[in-house]
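Novice: Generate the whole structure from the sequences, applying the supplied hints.
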Amino acid sequence: MKINRKHIATAVIPIILAFIMAGCWDMVEIETNAFILGIGLDLSESEHGNDERIMVTYQIALPAEMMGSSGQGEGGGGGASTLNISIEAKNLMMAEQTLMATLNQVPNYTHLQVVLFGKELAEKGIANYIDFFFRDSRIRQRTKVAASKGKASEVFKVQPKTVKSTSQYISDLLDENEKRSLMVLMPMDFGIMQRHLIRGLDICLPSIMVKKDTLTVEGAGVFSGNKLVAWLTGSDVMSLKWLHGQPAKGIVNISSGKIKTGDFVFKITDNKVSVKPVLDGNRFIMKVKMDVEGDIGEIQNEKFNTYDIALIHQMEDLVKQKIMQSCSQLFNKLVNELKTDCIELGRRVENYYPDFWEKNKNRWKEYFVNSALEMEVEVKLRRVGVIK
Amino acid sequence: MKYIEGSPNPKNKKNMEENNPPRLKSEEQVDLTLDKQVGKNLEKFKAFLKDSSDMVFREFSLGTQNIPCALVYVDGLVNVAVINEQILKPLMYQITLLETNLNQPIQRDKIFEVVKLHALTVGEVKEAKTLDDAFLYVLSGEVAVMIDGFDKILIANARGWPQRGIQEPPSEVVIRGPREGFTETLRVNTALLRRKIRDPNLVIRSIKIGRRGKTDVAYAYIKGVASQELVEEVERRLSQIDVDIFLDSSQIEQYIQDNYITYFPQIEVTERPDKTAASLSEGRVAILMDNSPYALIVPATFYQFFQSPEDYYERWILASIIRLLRWSGAVLASLTPAIYVAIVSFHPGFIPTNLVISVAAARATVPFPAFVEALLMELTFELLREAGARLPRAIGQTIGIVGGLIIGDAAVRAGITSPIMVIVVAITAIASFIIPSYSAALAIRLVRFPFIVLAAVFGIYGVMLGFIILNVHLVTIKSFGVSYMTPQAPMRYQDWKDFFIRLPSQFMKRRPTSTYPVDIDRRNQDPVKEEAR
Amino acid sequence: MRERSDWLSNIQITFMVSSAIIGVTVLTLPRTAAELAKAGGFIATFITGVLMALVLVIVALLAKRFPNNTVMEYSGEIIGFIPSKILGFVFFLYFINVVSTILRLFCDAVKELLLKNTPLEILIITFLLAAVYLCLNGISSLAKICELFEPLVIGTMFLVILLSLEDFNFEELLPAFKQDISQWLFAVPHLTISYLGFEVLLFAAPYAQDTSKVVKYGLLGILPSIFIYPLFVGITVGTAGVEAVARSLYPTIQLARYIKFPGGFAERFDIFFMVFWMLGAYTTVSTFVYLSSVSITKLLGLRNYKPFILLIVPVIYVLALLPQNIKEINIFSQYVSYIGLALLAVVIVLYILAVIQKRGKILENENK
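Protein chains in written order, with this note's numbering: chain R, 1 to 388; chain V, 1 to 533; chain Z, 1 to 368.
Just so you know, the hints here were simulated from the structure itself, not pulled from any lab data.
Ideal placement from N, C-alpha and C gives every residue a C-beta, glycine not left out.
Please note: incorrect hints may appear among the correct ones.
[Stated by the list, open to error] Okay, the calculated beta carbon distance ranges per label pair:
| no. | chain 1 | residue 1 | chain 2 | residue 2 | range |
| --- | --- | --- | --- | --- | --- |
| 1 | V | Gly-213 | Z | Leu-223 | 55 to 65 angstroms |
| 2 | V | Ile-427 | R | Asn-104 | 30 to 40 angstroms |
| 3 | V | Arg-187 | Z | Leu-223 | 35 to 45 angstroms |
| 4 | V | Ile-416 | Z | Leu-223 | 29 to 39 angstroms |
| 5 | Z | Lys-327 | R | Phe-356 | 28 to 38 angstroms |
Specialist: Right under this line is the structure:
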């Protein structure tokens, strides 16, 4: 009997149908998903023997409340539009199991916006809890990571008025305003974190502070290895971004008695930074070259005339000095006081001097504390606004 | 070199020229051969035709010798004026006049020739030697003239029956371009074609199909452009059809196409003579059937179903954009519901967070899983569409709109479906109407149901698997020896000028190669001169 | 330029070669390159590509010498009957194993990233059956599908490359220029795996319309991969850094996951990428299923390969399920690629022998 197409079809189709009828294994309807928008990790209060336990706070979206009854507008709706569940467990996967026992929906990490580390946990070390986020395939690599100055669960309790969930709020803030404000650190997401940690570099996470129902993302937390060692203020962050090589825009506030205009604010509109390490003998010099262009933002004095070349040069000078001063200040702090390389100097050394790095990468800290900073800054004041 | 393989309908190889012998009661059996006596011939005619009241039998006398003659025709199929003025009058009057003027009667054995050559002032005159042939002619609207003393019958063309005038084809409306459409009379259609191509190389051959229908089927091609093998293949397939009657050319399509199982049409169907003429000049063969305003064009590839004559009448950039729109319409029409099911049920991570929240909120009240919802809504839409097609024009449109909006809205309010699903169904519907060819649009639209099922089982992996299998299937179809997916697979770069976009007319110097035309250049040629060489 | 049912046009040869090469190994290629050649991975990949192109030229020349037969048939002329049968059997084993390895790798990735709960067996069977459906329709359909899908696959790869440029940091590649050439050459043997696939020339050449151009069009087929693979490696290393790439299991997917859709209308670019790359995996799997059935058919001296396609389905299915975990899959694929390299070496030897023995269709030029 010759096997022709009909026979094959008769044999194959029932097999396929049988499989299809057996079920759709992966089907999870969208409304049965609990979209976890944010995760907060805190050190747990209670002690269970010698085990370290963490408190995981899940911020879960409630779509119905989020949309409101008319489905439009994002004004502060009555009632919470997210559900915060705190679960105590040994690690993240155990916490997920308990979550599934608590919630009637399936946890879904694909829309995770933000992961927060509480202060205590950060001080103790985050290494044990990071792996889950790197390994799981469902988590977006662009999820933002931040450190909170208090407990992470407190942060999630804040109900922002402009968006429906805290996680979205933080994520949007970091996305948008990071480019515009010098006080906000550039966002750290899992992709970048993974790369740094693999190389043994240190990281800085943006820090979040809760004050009476408002959130501020200002400053940064400096991690040495995986432990939090210090907090940097907003103004420190400014220099941190520059040393990182990020063309950060924002403002520079000059208050100096030397200029007849009094205090003024310089608004940076364009910024080019290039960082290069140079090996000098046994130590590294970090050569930073900055080209800054900007306008006058605000002058705290009523009567004067900015339409004056000499004045402009003077202003530029002051700004230049301020920049160099704050950068070296921060650099010294990092090198001498904190001894953490969160400005990615190590990475640059690896790229520019690969042989050196091969030999010495385990002793990078020793070289780091000996490095020096050399800055070349060019400031140009272009425009002064619409009035003189 | 033969490139067309396989023959459809391997079973019917009989020559369809064999007629069904007519059945009569045994006492009325007549001999089918013609007699020399006109009375006996007329009796034979009447034996078969007397039951019908629209048959006319007219006996008259010819010339001074009063030779008995008879006339048979079908009332309603003939132009009576022609009969009266050009057949009866010359025969009854002019012959007598002639004989009087010559002062001698015409020899009886020559009268047939004289009538045929001198008297019948009718354009088309034939001789019928058997009763069978005579029947065929008479029933086609011609007049049978029997003269006593001869066993052959003169057939004069006096055709004239009621027919629809030339109108714009309702299924292929264009904004710019000729508004002629084929009608149900074969002669009119061939005339429309001739008007567009005044090349003596345009050959229109006729055969009759159907044992009882004996419908005239003509196939047209331009000799020297269409490949000989293609023409022979068309002839062969047409001659293999053995049926009773055919009512529309689509029935021919079903017999001569390569693959009758698949969703997808392999023969292009059009009502427009300009489209037909353009296809002929590309080296394809057009098949026209009497009683059907639809012309079949072979061979056809998948991409031709996305072409509309308007593409060539408008500016090329605009036409290209519209054509790209059609492509996206085809993709949307077949894949949108499946992708919706795949994303909503399997991969909500694919869409932005805000959208996910709103979809989840919208679906919170819906009791069914996404794919049940999708299947329900799509089936409902198909029902509505089919119902709307049956209703008279005015109501049909309204039902479509009413059905779409109000029923959809009511369904959303009742919580049976989510608003997003209604949008998906609406997009699918609108997208499917973009495709110019009705049968291709139908195929593309109905292919979405298997996709929905696949998406429900395997998510986006299933959709992709379905896409792959669909492509494999499309690639294996051949239409009269030409691969269905030319010019994409096999790739013919020359034909890409008219594929996704339409390049300016100045670039179209050659005919498309997919049909292997004999003469590839459109320009710089003079067909009459070449023939004479 | 007539289209007989089984003839392949020149462009189809190109696409068949290209689609057989760009298969599943693009997933893990950056990891191998970064592990072995560090930042210079992309240079090493490029060198490997050029070398493989040369090998392809030799393979194509061998095919050109015997324009009407597949390698199974004419190897008997060159090296004798028994060695030729052994060679044929090795080819068969190689092809079967390639199919099962690729199938398993791909379905594993799908299961990990797209459909976590669907049983692996189902994924494998459905994919395999779809490939079988194509092969049952003949080599002409296979070539046409390659023509259809390859441009989409290559286009998606370029899209990935373009969209990653935003995060690309050229500094990461600087160490490459300070490296020693020996470091690159050391990596080459392990990178050849990714370029394997053009053995298809040996079996497809008899169907080519114009065998004299097989060399040129085959070379065109390997060209896209010679450009895309180094670019991929370079971009992956440039965005993530050498260590991260060396540690990541599917670095290409990692790269795709980091990409933001322009305009943000969709989130997980890796799903989008997987979907198009599925077309690439499909063409490779189908090509090798076809090759395995043809090789066993010719080995047994029969003519109709279609029943064999169905017969080897269970074999492939069992083989695909054999590796128990990721590490074993890697080991399997290593061994398979070593066999592939060995086969290529044998083919080169075949060619040299054919030249020496003056077998095969000798072109007029050579006679002069």
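Novice: Which numbered hints are broken by the structure, listed smallest first?
Specialist: 3, 4
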